[in-house]
Structures are given as structure tokens and as C-alpha cells.
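Just so you know, the protein sequences line up as chains S and X, in that order.
Taking this note's numbering, the leading residue of the first sequence gets 49, the next gets one more, and so forth.
Taking this note's numbering, the leading residue of the second sequence gets 49, the next gets one more, and so forth.
A hint or two may mislead.
[As the list claims (entries may be wrong)] Only pairs whose alpha carbons sit at most 30 Å apart, straight line, appear in this in silico BS3-like list of lysine-lysine:
(1) X:K95 <-> S:K86
(2) S:K131 <-> X:K86
(3) S:K86 <-> S:K131
(4) X:K95 <-> S:K131
(5) X:K86 <-> X:K131
(6) X:K86 <-> S:K86
(7) S:K86 <-> X:K131
(8) X:K131 <-> X:K95
[Claimed, not checked] Not close to chain X: a few residues of chain S, all C-beta gaps over 10 Å, as computed:
(9) E58
(10) A75
(11) V78
(12) L80
(13) A96
(14) P102
(15) S103
(16) S109
(17) E145
(18) S149
(19) E150
(20) R151
[As the list claims (entries may be wrong)] Covered stretches of chain X, going by a simulated chain S footprint (3 or more residues, C-beta under 8 Å):
(21) 66-77
(22) 112-120
(23) 132-142
(24) 145-151
Think of the hints as simulated: they come from the structure by calculation, not from any bench.
Treat the numbers as computed from the prediction; the structure is a model and nothing was measured.
Just so it is clear, CB atoms sit at the ideal spot from N, CA and C, and this is done for glycine as well.
2 protein chains.
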Amino acid sequence: MSAPAEPPAEPPAELLRLRGSIDNIDAALVHLLAERFKCTQDVGRLKADLGLPPSDPGRESRQIDRLRALAAEAGLDPVFAEKFLNFIVAEVIRHHEDIASERPQG
Amino acid sequence: MSAPAEPPAEPPAELLRLRGSIDNIDAALVHLLAERFKCTQDVGRLKADLGLPPSDPGRESRQIDRLRALAAEAGLDPVFAEKFLNFIVAEVIRHHEDIASERPQG
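Put together the whole structure using the sequences plus the hints.
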């Protein structure tokens, strides 16, 4: 029998400390996203009630400009901030289309 | 000349209120993401210093399980939470590969 492979080293303390911070931030992100989707579900129901279209390009364009500016101030890549908003908005529009498709057309 | 098209109605007050909350949450998300990338940049530098690989499948698998559980508790779709983490991790790995490629090999 060959000698057993060297067991993987315990991650260094500094790595564990950083991962703890990342885990805390991720928990905050998940909870904020849950609140954000509550708001957008309400927006979806309101738009369906009023017969407004799920997507609103003017609003989305203003959101992108604002988030890019906030990102630049916060030291976050504005290109990433825009990709992030697009990622969220794609999910929101999917929710809104689901809501609209559940309503009787009239 | 035909009559001018009816001007678009001002969005209803309830929609404006919800959009205000969404904008506040988005500002918080952008600032948390900026902090998260500071942590992962530090992780990237540490890994490059120690010669550790940029990606760590075991860690990522534990993060996914944890975030799915947190999402379920918070009323967020766990499938979305996992897609969200994958979206962020893809950006992080890109940063780490950039950091590693800037270091002399050997």
C-alpha cells in the first residue's frame, strides 16, 4: 500500500476570517433580495390591476444610470452593477409576466 | 393634423412609493456588493500569495446549501438564491484569475 495522500491543510485563519465576513454579507444580501421581490411582486400586482405593461424601459434606464453612479462612488465596477440590475430585472419581469398570465384578460 | 396622442399618465402614487423602496434597497445592495468584493479581492490576493487555486468547489457547495436555506426562511426562491450566488461567484473567479495572472509564476 502506498502512503496515504497528505490530508488537505486547514484553511489559513485570515481566509476563514474573510469567509466569515462574506457569509455575513451574503445573508444580508439574501434578506434584502427577499424584501426587494416583495416590493416588485406588489408592483406586478398593481401593474396587472391597472393594465400597465410589465416592463418599463424608461424606469429601467434611470435605474441603471443611478446604480452605475452609486457603484462608482462605492468602489464597485459600474459595468458589474449594471449586469447585476439586469440579472434582477430579468427575474422580476418573469414574475410580472406570471402574475399577468394568471389574470383574466379583458 | 391629427389630435396629439394622450400624454402618458403620471405613475400612480402607490407605484411611486414602491419604486422608492426598491431604489433604497438597490442602494443597500450595491454598497453590500462593494464590501463583498473587497473581501473577495483580499481572498484572491491571499490565495495567490499561498498558491491556492482560485476556485474551491467544497466551499462553494457549502455556500449554496446555506444560502438556499436562508432564502427559504426569508421567503426568497431558493433556486433564485443559487443562481444569484453563481452570478456573483463567476465575477469573483474572474477577479481571482486576474490577480493570479498578474503574479509571476513559479
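Given as non-interface: S103 of chain S, which should sit over 10 Å from chain X by C-beta
holds, 14 Å
Taking the closest pair, is the beta carbon of L80 of chain S still more than 10 Å from chain X?
violated, 5 Å
Please settle this one: S109 of chain S was flagged as non-interface, so is its CB more than 10 Å from every CB on chain X?
holds, 14 Å
Any Cβ of chain X at or closer than 10 Å to V78 of chain S, or is the non-interface label fine?
Label violated. Min Cβ-Cβ 5 Å, cutoff 10 Å.
Straight-line alpha-carbon gap K86 of chain X to K131 of chain X, limit 30 Å:
holds, 21 Å
Holds or violated: K86 of chain X with K86 of chain S, Cα cutoff 30 Å?
holds, 29 Å
For the segment 112-120 of chain X, do three or more residues have a beta carbon lying closer than 8 Å to a beta carbon of chain S?
Holds: 4 residues of the segment 112-120 of chain X have a Cβ under 8 Å from chain S.
Given that the segment 66-77 of chain X was listed as covered by chain S, double-check it with a C-beta distance under 8 Å for 3 or more residues.
holds (count 10)
Distance rule for E58 of chain S, whose beta carbon must clear each one in chain X by more than 10 Å:
holds, 12 Å
Please settle this one: R151 of chain S was flagged as non-interface, so is its CB more than 10 Å from every CB on chain X?
Given that every Cβ of chain X is farther than 10 Å from that of R151 of chain S, nearest at about 17 Å, it holds.
Per the coverage rule (Cβ-Cβ under 8 Å, at least three residues), is the segment 145-151 of chain X covered by chain S?
violated (count 0)
Given the hint that K131 of chain S pairs with K86 of chain X, test it: the Cα-Cα distance must not exceed 30 Å.
holds, 18 Å
Violated hints, in rising order: 1, 10, 11, 12 and 24; the structure is consistent with all others.
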